[in-house]
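There are 2 protein chains.
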Amino acid sequence: MVASERSVSAVGNAQAREIWELLLELSRTHLRERLAATISAFDLSVPQAHALQLLEPGRPLPMRDLAARLRCDASNITGIVDRLEARGLVERQPAPGDRRVKALVVTDKGVALRTSLVERLHRVPPAFAGLSAEEQRTLLDLLRRIAVACEQDPQGPASML
Amino acid sequence: MVASERSVSAVGNAQAREIWELLLELSRTHLRERLAATISAFDLSVPQAHALQLLEPGRPLPMRDLAARLRCDASNITGIVDRLEARGLVERQPAPGDRRVKALVVTDKGVALRTSLVERLHRVPPAFAGLSAEEQRTLLDLLRRIAVACEQDPQGPASML
DNA sequence: TATTGTTATACTCTATAACTATA
DNA sequence: TATAGTTATAGAGTATAACAATA
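Chains as they are written, first to last, in our numbering: chain Z, 435 to 595; chain D, 435 to 595.
Incorrect hints may appear among the rest.
So the derived list for chain D, only partly shown, Cβ under 10 Å to chain Z, looks like this [to be verified]:
1) H484
2) R517
3) V535
4) R557
By construction, these hints were calculated from the structure, which means they are not laboratory data.
None of the values given here were measured: they were computed from a predicted structure.
The beta carbon of each residue, even a glycine, is placed where N, CA and C say it ideally should be.
Input sequences plus hints: build the corresponding full structure.
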C-alpha cells in the first residue's frame with residue numbers, strides 16, 4: 435500500500451462516517467416525519483400504506499408474499515389486510531391452482547387512493563431545489579453506486595456485534 | 435427565463451425525483467433494517483434506543499423535553515422510561531427549582547450500553563468503501579446542502595394534501 | 001389557571017404458538 | 001408431513017382524556 439492510498443483511506447473513513455451519520459439523521463428526522471405526515475393524512479398506518487404500495491394494480495399477491503415483503507410474521511397480515519378490506523381498498527380472492535392461498539387485489543377505490551398516495555410520497559421536497567442539474571446528476575450517480583453496493587452486501591458481515 | 439434554465443429545470447426535476455425515490459428506498463430498506471437489527475441486538479425497542487441516545491451523560495433531561503424530542507405524547511414517556519429504569523439504564527431524579535418535573539439521567543450501566551450502541555449505530559457500512567475520498571467529499575458536500583435546506587424548510591408548504 | 005407526570009383506555013403493530021384446511 | 005391463512009395471546013408504541021401535585 436502506498437502513501438496516497440493510506441491517506442485516502444484515513445481521510446475517507448472520517449468523511450464516510452460523516453456521510454453515514456448525515457444519512458441516518460436525515461432519514462430519522464425529515465424523511466421519517468414527512469412520510470408519517472403524508473401517510474396519516476390518508477388515514478393509513480405505515481404498514482397499511484406500505485402494503486398498499488406493494489399491491490400493484492392487476493397483480494394479485496398471495497398474503498404470504500406480502501408478509502415476506504413487509505418483513506413481518508404472516509400472522510400480522512391478517513389484521514392489516516382486514517383493515518384495508520374493511521375500507522374497501524383491497525380484496526381477498528381465491529388463487530388459481532392452490533385453494534389454500536388467498537390472493538390480494540386492490541379495488542378501484544384502492545387504486546385511486548394508492549395512486550394519490552404514491553404521487554404524494556414521491557413528490558420531491560423543495561429542499562432539492564438548491565442543487566443545479568449538474569450537481570443533481572453527480573448526487574444521483576453517487577447514491578446509485580451506494581445503493582448497488584448495499585444490494586450486494588445485504589446486511590454486511592460486520593453487521594453483528 | 436432563458437432556454438437553458440427551462441431545460442435545467444425540466445431535467446433537474448426528473449433527476450431530483452430519482453434522487454428522492456432512491457433516498458426513500460435506501461431509508462426504508464437497508465438503513466431501516468440495519469438500525470432495527472442493531473437495536474434489537476441490544477434488546478432495546480426503537481423508541482428506547484432513541485431515548486437513550488438523547489440522554490447525554492451528565493445532562494439531566496426533563497421527561498417533558500424527552501417527549502418533545504421523541505415527537506410523541508408525554509404520556510408515552512412514562513412507559514418507555516419505566517422499562518429503561520427497570521433495566522437500570524436510567525433514573526428519575528427530582529429537578530431543582532420545580533418539584534413537578536422529573537429529570538432523567540443515565541446510570542453508569544446506561545452510559546456503557548449507550549456508548550456501545552452509538553458506536554455500533556454509527557459504524558460505517560462497507561457499501562461506502564467503493565467511493566474515493568474525492569467522491570466522498572463531493573457527496574458529503576451535496577448532502578450537507580440538502581440537510582441545511584431541510585432545516586430551513588421544516589415540513590415544506592407543499593407538505594399537506 | 002396552567003403545567004408535569006401519571007393513569008386509564010383504546011387501537012395498531014409485533015412475534016409466538018396452536019389451529020384449520022388444504023397440499 | 002408440510003404449507004397458507006387464521007386465531008389467541010402477550011408485549012410495546014401511539015393518542016386522547018382525566019387526574020393529582022405543583023406552579
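Now for the hints, and whether the structure bears them out:
{"no.": "1", "hint": "H484", "verdict": "8 Å, holds"}
{"no.": "2", "hint": "R517", "verdict": "21 Å, violated"}
{"no.": "3", "hint": "V535", "verdict": "25 Å, violated"}
{"no.": "4", "hint": "R557", "verdict": "7 Å, holds"}
Hints 2, 3 from the earlier list are contradicted by this structure; the remaining hints agree with it.
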